[in-house]
Structures are given as structure tokens and as C-alpha cells.
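The whole structure should be built from the sequences, with the hints applied where relevant.
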Amino acid sequence: MEFITQLFADPATYRLLTIVILSIFLGIEVISRVPSVLHTPLMSGANAIHGVVIIGAIIVMGQAHSDDYLALTLGFLSVVLGTLNVVGGFVVTDRMLEMFDKKKKMKRG
Amino acid sequence: MLDILLPLSYLIGSITFIIGLKMLSHPDSARRGNLVAAVGMTIAILATIFLYTDENGNKLGNYAWIFGGLIIGTVIGTLAAKKVQMTAMPEMVSLFNGMGGACAMLISIIEFKHHTSIPVDLYEEAGASALKMIPGTLFITIIVGMVIGSVSFAGSIIAWGKLNGKIKDFSFNGQHIVNLLLLGVITALTVYVVAVRPETTIMLFYVILAISLLYGVMFVFPIGGADMPVVISLLNSFTGVAAAFGGFLYNNPVMLTGGILVGSAGTILTILMCKAMNRSLKNVLIGSFGGGAKAGSGGAKEQGNYKEISLNDTAVLMAYASKVMIIPGYGLAVAQAQHVCHELEKILQEKGVEVAYGIHPVAGRMPGHMNVLLAEADVPYEKLLEMEDANDQMASTSVVMILGANDVVNPAAKEDPSSPIYGMPILEVEKAEHVIVNKRSMKPGYAGIENELFFRPKTSMLFGDAKKVLQDLVSELKQV
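Which chain is which? The protein sequence lines are A and B, in order.
So in the numbering used here, spot 66 of the first sequence is number 66, and the numbers just go up one at a time.
So in the numbering used here, spot 295 of the second sequence is number 295, and the numbers just go up one at a time.
Simulated from the structure, these hints should not be mistaken for laboratory data.
Zero decoy hints are in this set.
Here are the simulated EDC-like pairs of lysine to aspartate or glutamate, each with C-alpha atoms no more than 20 angstroms apart in a straight line:
no., chain 1, residue 1, chain 2, residue 2
1, B, 113, A, 67
2, B, 323, B, 313
3, B, 113, A, 68
Taking CB as the label site, the calculated pair distances span:
no., chain 1, residue 1, chain 2, residue 2, range
4, A, 32, B, 305, 46 to 56 angstroms
5, B, 165, A, 69, 31 to 41 angstroms
6, B, 383, A, 10, 50 to 60 angstroms
7, B, 165, A, 67, 39 to 49 angstroms
8, A, 32, B, 61, 38 to 48 angstroms
9, B, 463, A, 69, 54 to 64 angstroms
10, B, 283, A, 68, 42 to 52 angstroms
11, A, 10, B, 177, 31 to 41 angstroms
Note that CB positions come from ideal geometry on N, CA and C, so glycine has one too.
As C-alpha cells, this is what we get:
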């Protein structure tokens, strides 16, 4: 119960909750009519977007004490992994969609 | 003035994610959509590095470490994504998804260590009760983020291993009960730790971590290979939620919107994929293909004889056909036969044969897999027929050529209610005059189910590697 009260007492938390609810509906709306051809690239693109977790990794890394080697190592690792997710995700998606682009050019030419 | 730059960058980031996803769901704008989201991400990352300050106004440090990590990740990520073959795309996505999950997991671990070790003086004065100084919301955010991140990480790695054949399907009786039990233990421990804060809190945190990893492994292990795309999509939305918990942790709006957007869009996408296979999500997760297939294969083996067809006969049959429909499957992707397949199509067309491709929405390892593959070989877009159109044209087709596809043409999906794929819409190839199946051997398809189609009177088998067979077929056709 205390937990629930905490959620609503703090305006910042409450604001975040509002964002969460709205984002859920937005996510559903945004992709609800997608052709099956695009399922894979869309999943891949979404995969890259959740790489936004990298921001957390950067904050953790940037706040670690310079003599706390465990935190530095773990933080470093999480920055590397997060970057892999973001960069790899966007590049793979682009490669998939490049094929569709080529297809369209063929159609026109 | 500088103060608003960071929130402004985050706002731009959030907006580009929404617009990017929107654009990604239309064929014409998809590629630009991906780029838009990437630009937004870059802005958000750079803004965080240079503008982020904590409550006391301190900027981030350890720039060398941060940029080192960014550079290493960028180089490896770009190389891996550029080098990967089109056939291996699905497992690549799964692997990247796992990296995101691991990242969320590590963040939670570091934050947990940070919050349980910083107030050393307080800790000494008040003993274990200092643990109680951590706000409940913060504590639960850290743990839940860690749980979801590690489930997603472990699950994605298993899915990756399964897709590239390193890990075989594995299940035992009552596995779902064990899984439910594990989930129950995770929930109970989390509630206990957050509510009671026992002296063993730190140890219990790592116990929860271990069980979560185990759960991720057990969750994906029994799910059949054919359902892997659905699982990857689901794990994808898990990672999104884990990222959103990171957003809660740092009060960071862009992490929150990005994470939740992917979480909800990913869930819808998962359901859409299930619909394409005419299966429910519950069916995919609980009623795994593995068990049913073993039961089904015994009966089907007694089907008896199949007939083979020679290359020469195939060439003649195709050359004098009025219309040929090619049904590609994963076998085509494995053999990298898309280019020679396009060649076959061209040579047939020169001979006045109408050629079309019948694309099942889940042919290959992922929805859209075949479209991407054939587009790579410059097969014109109009030639790729979606399932309904392909089925409409089936009756007027003289020869159906099945290249490494299996489950998507299995009549059991329509006729045998005991089959694990019963109810999945299929390409109704038997409406055509002749059916030629190219496979490497009589081994069952990815779902592990025998295919009665191979034993039907209309069907002829053409054994061999798809690429080799098509090359030979093209040279045969040149002589006809």
C-alpha cells in the first residue's frame, strides 16, 4: 500500500506514469496496420530503439568513482553492450530495408 | 539556456522514435523511418554525455571509458551487422536484443551495488536497517528492471543458438509447471526483499538474478524453432520494458518513451505474427511444437511411397507449362539460391512461361524473410504474391515448384486436427496440376512434422541442394 501511495505522492513519478500509459497506447496505434512483409524490419527497428537503455549505461559509467574498478568495468561492459544493440540494430534494419529500396527502384526504372 | 538543451534533446529523441516507428510500418517510408530514429538516438546519446548533470549539478566523468565503450560497440556492431548474411538476419536481431537486455541487467546490478554500499556511515550506525533507507519505488524499479533484462538476455541467447542450430530443442514433462514455479519464486523473493529488507538482501538480490537467468533459458528452450520469430519479437518487447524501467530509475523521459513504445509495439507485433500463423500466443508459449511432432510423425511415416522426378523431366515439364509458381522456403535461403532462382524465372519467361512467386507470410525463419531474400536477387516486386493471391491463382497454375519450403505447404494444417500446425493457413499447392518439391532429403521441416504432401499422387520429389538443382535446371532449360 505504501508503495502505491509513493507512486502518486511524488509528482515526478506520477508524471512518468502518465507518460507510460500514453506511450503504451501510442505504441499500439503507431504499428497496428503493418503489412506482414514489414514485420521483420519493424521488429529489428524496434529492437534498435530499445537500445536507448544505453543512456542509462552512460549515466552509470559517468557517475562511477574513478577508483571503483568493479563499477567501472561493469559500466564499461554495459556501454559496449548497449552500443552494440543500438548501432547493430539500426545497421541491420537499414540493410534489410535497402533490399526493399532496390526493389522500388527496379519498379520505376 | 543550457538547462533546456538536455530535456529538449530528449524530447526530440522521443518524437523521432514515434515518427520512426510510424514510418517503419509503411513500405515507402520504412528506410527513412529507421534513419530518423537513429538520428534521434544519436542526439539523445550525445546530449546525455555532454549535458547530463546529477542533483548536485555535477557533470558526468570517465569520458575515456564512455567513448572507449561507444567506439568498441560501434565498430563491432557495424561490422557484425554488415557482414551477416541475409539468412542469418533473424539470429542477429536476437543477439542484439540480448545485448540490450544484458545492458539493462548490468545497469540494475550497478545501481543496486551503489545504493546498498554508499552510505557506509549510516550502515554502521543503523546496521541492516540502512537498507530500509532505500525508497520502495527505487528498490522495486531496480529489481524488476534486472529481472526483465536478464530474462530477455538469457532468452535471446538461447533463441540465437536455436536459430543457428547450435542448440537443439529440449523439453521435459512438466516443464511449464517448473517455469511457472520459477516465476513464482522470483515474484515472491522480490516482494520479500522489497517489503522486509532482511539482512540477507544483498545475497537474495543475486539469487533473484540467477533464477531470472535460468527462467530466460527455460522459457525459450521448449519452444519449437518455427515459433522462434514470435519469441524473438516477444523478448524484444521485454527488453523495451526493461529499458523503460531504466527510464524510471533515472527519471529519464527518452528512455521511458523509447522503452514503453517498443514494449507495446513489440507486443502488438508479436500478436500480429501469431495471427499470420493462425496461432494464439498462449499456444506458441505453452503448446510447443516439440512434443506434438513426435506423436504425429509415427503415423505419417506409414504414408509409403513418394516418386522422384529427374532434372530433365522437370525442365521439360516447366518449359511447356503455361504458368509456374515458385514457393520459396528456408531451404532456398540456406542454399543462397535466390540469384539462380531469379535466373530460372527469367529463362522460363523467355520461353513464354508465366512465372510468379507464392510467398507464405511466415516462410523462412521470420515474416518477410523471403521478400527480403528475393529482393536481394532483384526479383521484381509484382512477382511476389501474398498467400491469398497465390492461392487464388493456384488452380490456373500448371507447375508448382517448392524450393526448400515444408511446413507452409503441409496439408496437415488443413486436414489433421491432431497436427501441431493445424489451423495455420497454408499455400494450397494441390490445386495446381503438378507439384515438384525440391528438398535435400526426406527429413521433416523445421517444425519437425512429417509432410503428407510428399506422398500425394500429384507430387514429385526433386532431391538436392536448391542452388545446385536450380543451376542444373537452368542449363537443362537452355537445351530444351
